[in-house]
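J.: Sequence:
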Amino acid sequence: MCNAYGTIGYSRSAFVHDLLGIPRNLDYDKPRKVVRPTDVVPVIRSGDRGPEQISMRWGLIPAWSRQMPERPLTNARSETVDELKSFAESFRMRRCIMPGDEFYEWIKGTKQRLTFRPVQEEFLFAGLWDSWKDGDNLVESCVMLTTTANDVMAPIHDRMPVILKPEDCIRWMAADTAVEDLRALLVPLNNDLITLVDEGGSLKQTSLF
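Take 908 as the starting number for the sequence shown in our numbering and just add one per residue.
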């Protein structure tokens, strides 16, 4: 969880640009109702000149991989992210933000889709990224972190994405943030900052990480 979410084209968002000082770029201004594993998604990361926006494949491919994983690594449990080989180095050195304005979950045993939306602004999902070379082709990819569900999410699933508060974004991406300070950010979103909407959707569900 989560294996499907939606984006509004975050370069339109004055909220993100004012917060991080990222120049507007119309190439990233492409709203998509549904983003799925292996899709190319908008990501914010720290660059040489500060925060930058870039597109990446959703489904992490660790730099050491000999081949693309058969199963996309779309989610990483925050409790063990610094212990597992696939994620540990990226957690220490390559953290990012995956903006979105909603994510989806299904009622167990049905095709009924539920939509979770932010009460204000947009979701800022905590992520990691890595670069992988396939011959001469460089593939940059990302993974979304998950944590235990809050009270809004718990009746549907026991996990939810790690959603950062705006004031924590710079600290999350900064190279010099201590591990204990990073871990303090990997907590469920406050109940009053997320709302549940039943849209009656029936997108095909993928297995949860």
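Since the hints were made in silico from the structure, they are not lab data. Any given hint could be a false lead.
To be verified - Straight line, CA to CA, 30 Å or less: simulated DSS-like cross-link-like pairs of lysine-lysine:
{"no.": "1", "residue 1": "K940", "residue 2": "K1072"}
{"no.": "2", "residue 1": "K1072", "residue 2": "K992"}
{"no.": "3", "residue 1": "K940", "residue 2": "K1015"}
{"no.": "4", "residue 1": "K1072", "residue 2": "K937"}
{"no.": "5", "residue 1": "K940", "residue 2": "K1018"}
{"no.": "6", "residue 1": "K937", "residue 2": "K1040"}
{"no.": "7", "residue 1": "K937", "residue 2": "K992"}
{"no.": "8", "residue 1": "K1072", "residue 2": "K1040"}
Only a predicted model underlies this, so the values are computations on that prediction, with no experimental measurement involved.
J.: Would you mind marking each hint as holding or not holding in the structure?
T.: Now the hints, each set against the structure:
1. For the hint pairing K940 with K1072, the CA-to-CA distance comes to about 23 Å; that is within 30 Å, so the pair holds.
2. Annotation: proposed proximity of K1072 to K992 holds, straight-line Cα distance about 27 Å (limit 30 Å).
3. As the CA atoms of K940 and K1015 are separated by approximately 22 Å, the hinted pair is consistent with the 30 Å bound.
4. A hinted pair counts as satisfied when its Cα atoms are at most 30 Å apart, and K1072 with K937 qualifies at roughly 24 Å.
5. Taking the CA atoms of K940 and K1018, the gap is near 18 Å; set against the 30 Å cutoff, the hint holds.
6. About 27 Å separates the Cα atoms of K937 and K1040, which keeps this hinted pair within 30 Å; it holds.
7. The straight-line distance between the Cα atoms of K937 and K992 is roughly 34 Å, outside the 30 Å bound, and the hint therefore fails.
8. Note on K1072 and K1040: the hinted pairing is violated, with a Cα-Cα distance of about 33 Å set against a maximum of 30 Å.
Checked against the numbered hints above, the structure violates hints 7, 8; every other hint is satisfied.
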